[in-house]
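Engineer: The lines below spell out each chain.
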Amino acid sequence: MGSTERKIFLGTLALLLLVAALYAYQTLAATREVDVYGVSVILCRNGDNFEKGFNSAALEYNADVHIVTVSDPSPAAQTAALERELKNGADAVILYRADAAELAAWLARNNPAAPLVLAGEETLSGKGASGVTLDVAAEAAALVSEIEKQPLRSAVLADGGGGEARLGALRAALDGAGFTYETTGVNDAERLSPGVYVALDPAAALSLSEKWSEGALIYALGYDAPLRNALESGRIAAIALASEFDAGYLAMAEAVARIDGARPADIRLEAFIARSDNMYEPPVSTILFPIG
Amino acid sequence: MKARGPMGRFLNRLGKGSIRYSVFISFTVSAFAAIVLSGLTFYARFSSQLQSNVRSENRQLVEQVNQSLNSYLRSMIRLSDSISYGVIKNTDLEASSIDDKLQLLYDNNTNLVENIVLFDAAGNVLATAPPATLKKGVDVTRQEWFRRALAQTENLHFSTPMVQNMFASSEGSYSYVVSLSCAVELTYGMRTDQGVLLITLKYGAISELFSNTSLINDGYIYLTGSDGTILYHPKQQLIATGRYLEDSASAAALSDGTHTVETGARPSTLIVRSAGYTGWKVVGVIPQVGLTLDTARDFLFLAMIFLAYFAALVLINALISTRLTRPIQQLENSVRRLERGEGEAIYIGGSYEVQHLGRSVQQMVDQMRKLTLDIVREHEEKQRHELDALQAQINPHFLYNTLDIIVWMIERNKPEEAVRIVTALARLFRISLSKGRNFIPVRDELEHTRNYLTIQQMRYKDKFTYSIDAPEETLELAVIKLVVQPIVENAIYHSMDFMDGEGEIRVTVRVEGSDLFISVSDNGIGMPQDLVDRLLVEHFPISKGSGVGLKNVNERIRLYAGDAYGVIIESELDVGTTITLRLPALPYSKEEAK
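In order, the protein sequence lines correspond to chains W and R.
Under the numbering used here, the first residue of the first sequence is numbered 1, with each subsequent residue one higher.
Under the numbering used here, the first residue of the second sequence is numbered 1001, with each subsequent residue one higher.
Hint data in this document are derived by calculation from the structure and do not stem from the laboratory.
It cannot be assumed that every hint is accurate.
[Stated by the list, open to error] Under the rule of at most 20 angstroms between Cα atoms (straight-line distance), these lysine to any residue pairs were calculated in the SDA-like manner:
1. LYS52/W - ASP1193/R
2. LYS52/W - VAL1365/R
3. LYS1370/R - ASP1563/R
4. LYS1202/R - GLY234/W
5. LYS52/W - THR1241/R
6. LYS7/W - ALA1308/R
7. LYS7/W - TYR1174/R
8. LYS1235/R - GLU270/W
9. LYS1016/R - SER276/W
10. LYS1235/R - ASP277/W
11. LYS52/W - ALA1308/R
12. LYS7/W - ILE1316/R
13. LYS7/W - ALA1311/R
14. LYS7/W - PHE1032/R
15. LYS1461/R - ASP1530/R
16. LYS1136/R - GLU214/W
17. LYS1370/R - GLU1381/R
18. LYS7/W - THR1322/R
19. LYS1136/R - SER276/W
20. LYS7/W - SER1022/R
21. LYS1135/R - GLU281/W
22. LYS52/W - GLY38/W
23. LYS52/W - SER1175/R
24. LYS7/W - LEU1313/R
25. LYS52/W - ARG1243/R
26. LYS1136/R - ASP277/W
27. LYS1461/R - PHE1517/R
28. LYS7/W - ARG1013/R
29. LYS1235/R - LEU15/W
30. LYS1135/R - SER276/W
31. LYS1135/R - LEU59/W
32. LYS7/W - PHE1010/R
33. LYS1235/R - THR183/W
34. LYS52/W - TYR1174/R
35. LYS1136/R - LEU18/W
36. LYS7/W - LEU18/W
37. LYS1202/R - TYR280/W
38. LYS1136/R - TYR280/W
39. LYS1136/R - THR4/W
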């Protein structure tokens, strides 16, 4: 073989080895891609629509979902559940309506290998966990816009454990609209006096709706299935809510993306207003009653 | 003509390079080009075929879904017709109830039907299956499905999917339904009135037709109303909240068939089919994906295959070209060795053509060697003959005798004759010793002969006479030096010696055609023919004279002029002898004389 032929042959061989190495690397990268994503979902509160959302996404992204319902509302119980799931080898963990402050403190002490996604009203901005969060400020502003349609300018805020974030946003929106308000827990009165009542969470809204009487205008932040009849009958005037289905879907999609190496994202959910006259029309109907 | 441009320079360089390299490049390039072209052709063909098959399969899938939907819709329309014409129309509502019949029909279609309800024109419930009570405050007359049924009594009306909210349901549960409504004729005794039949179809039955179908490239199928309202979509929830966009309105406006549309960053293929009666459209969406990990790996795999083939080609063609051209290389090397004088034999081997070439070169070399030897031999012979002829002129006996004659003439007080002989002798030696010249003009040769005859005539005491006859035009022709004098010498010694004053020697020169003839004739005793035949073959030693015989003259003539020329001997006993020298008639030039 002459020198030119040898150079051509060796050059070709070198290029072949390079391409083969690239191909092997790509093949390895492809095999490293996860076939089935093992995602744990810790439900710190009930969320049927949230569950429908993440199940729909799990089907689409081929995720194996392990659902853990934490009945104990204490932050300790939540972190214990989290540690258990991480120890069991979850590829990612979604926490629904967990205590953000507790989670932040836990993250400060630990460095989990699996990515975390927090879904709910509270954020963990910049703490290394992804967030699928209701824009509480937008929610409060939308609800106050509804409240402004009636003549009263004072309100009673009923807090059933809806969280500081919601309370703070509502106060800011009411302040901005010139409302006066007082904050109270859900009391034991049999009937509500005429006036404007704002429930900071679905539990408070349900309680208030059961005490409804003529002249009482109940507004709520957040929706649960038991509120359907109250909304339909008009006992609850309006509910500001976000799509729980979307939250569940997006939380699962974010968990899968994080497993594939994406950077943590902060996803904000917009707020909608549901009333008796639009609750059966899209998009409110699909938010209140997710298909599938 | 040289080719121009970079390709031209490459081709020129290729043509001037080694044959092995040219063969290697030609084989490799042509084979690789064939592989690439074949590969690309097959790839394009099969890729096109595969894409066509995939498109066809996807079209069939969409078609199947459409047919399933049409079948479902036909079933529901038949159910509606059964109820309208088979139950309601034939029943006097004043006399009997249709609840049982409706319940039977409901029971037979419970997997598809949520409710069957008959209303009068005022919106009052006349019959339901299963039994149910309208929710308080529900006014059906204000609902779209009711108004449309009464407005267009000849048609059946399908609504978009909605949450069933007419009848009370258990807390927390809800169902999505599609309303099928139509106007019906109610019979009350003798009078008839309009009513509305409502069949709420379970949405799940429709969504199930679409939910387990998928197309390539993560494609999907969805159902849209004629105005673009999404009836089913795998991402229906996200579309409702604006998290996902689908241009269903544009898709609904497309005719049945396959269309390419720009959706977002990349185009998509839409397969559109119309569902019967309803105006709904089944739309299959196939995104046209760009480069993905899989396509990148496919390209790398293809590149690997081509490079592997190319490397194998390079190796094989290098071996083939070496094997093919090695005999040529060896032939070339043997020629080079021969040029350097290091070898004797030319390489003969390899293919038939190379062997033939080698043999031809070897023959050529052998021929060249032979010619070279011939030239050398001829040159040596010439030199030898010239030396002989030269030696003949410096024959001591001739010189002694001539000097004796000169002395005798001086002693006899014949100075003029002495001078004449000395002069003739001097001229004789001058011409004899004309250095470096193989050819001289006929004039000089005849002068030389004349001088010789002058001397010999005196020696032989005028035993003979001589004449030299040469036309003017022959005097400047070229003749080999010292060829006439030996003939004359022979004539003197072999013929004149026996004459007594009557001897005659004639030298004549003539040109015939392209030949020069120099004849020396004598009227001597002649020779027998057998002697004539042997004269030019054998060397006859001569007792007198120079000893340079006719054979020497003949050979010299033939050496310089060729075998067609030489000495011609004619002799007749007692008559005389004529010896003719035949030479080519060429003009004399000093440059060629050497």
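Engineer: Against this structure, judge whether each hint is valid.
Structural biologist: Going down the list of hints, with the structure as the test:
no. : hint                  : result
1   : LYS52/W - ASP1193/R   : 46 angstroms, violated
2   : LYS52/W - VAL1365/R   : 99 angstroms, violated
3   : LYS1370/R - ASP1563/R : 19 angstroms, holds
4   : LYS1202/R - GLY234/W  : 28 angstroms, violated
5   : LYS52/W - THR1241/R   : 15 angstroms, holds
6   : LYS7/W - ALA1308/R    : 16 angstroms, holds
7   : LYS7/W - TYR1174/R    : 76 angstroms, violated
8   : LYS1235/R - GLU270/W  : 18 angstroms, holds
9   : LYS1016/R - SER276/W  : 94 angstroms, violated
10  : LYS1235/R - ASP277/W  : 25 angstroms, violated
11  : LYS52/W - ALA1308/R   : 52 angstroms, violated
12  : LYS7/W - ILE1316/R    : 15 angstroms, holds
13  : LYS7/W - ALA1311/R    : 11 angstroms, holds
14  : LYS7/W - PHE1032/R    : 17 angstroms, holds
15  : LYS1461/R - ASP1530/R : 32 angstroms, violated
16  : LYS1136/R - GLU214/W  : 18 angstroms, holds
17  : LYS1370/R - GLU1381/R : 16 angstroms, holds
18  : LYS7/W - THR1322/R    : 16 angstroms, holds
19  : LYS1136/R - SER276/W  : 14 angstroms, holds
20  : LYS7/W - SER1022/R    : 16 angstroms, holds
21  : LYS1135/R - GLU281/W  : 18 angstroms, holds
22  : LYS52/W - GLY38/W     : 17 angstroms, holds
23  : LYS52/W - SER1175/R   : 14 angstroms, holds
24  : LYS7/W - LEU1313/R    : 14 angstroms, holds
25  : LYS52/W - ARG1243/R   : 16 angstroms, holds
26  : LYS1136/R - ASP277/W  : 15 angstroms, holds
27  : LYS1461/R - PHE1517/R : 30 angstroms, violated
28  : LYS7/W - ARG1013/R    : 18 angstroms, holds
29  : LYS1235/R - LEU15/W   : 46 angstroms, violated
30  : LYS1135/R - SER276/W  : 14 angstroms, holds
31  : LYS1135/R - LEU59/W   : 36 angstroms, violated
32  : LYS7/W - PHE1010/R    : 18 angstroms, holds
33  : LYS1235/R - THR183/W  : 40 angstroms, violated
34  : LYS52/W - TYR1174/R   : 14 angstroms, holds
35  : LYS1136/R - LEU18/W   : 76 angstroms, violated
36  : LYS7/W - LEU18/W      : 16 angstroms, holds
37  : LYS1202/R - TYR280/W  : 17 angstroms, holds
38  : LYS1136/R - TYR280/W  : 16 angstroms, holds
39  : LYS1136/R - THR4/W    : 95 angstroms, violated
Of the numbered hints listed earlier, those contradicted by the structure are 1, 2, 4, 7, 9, 10, 11, 15, 27, 29, 31, 33, 35, 39.
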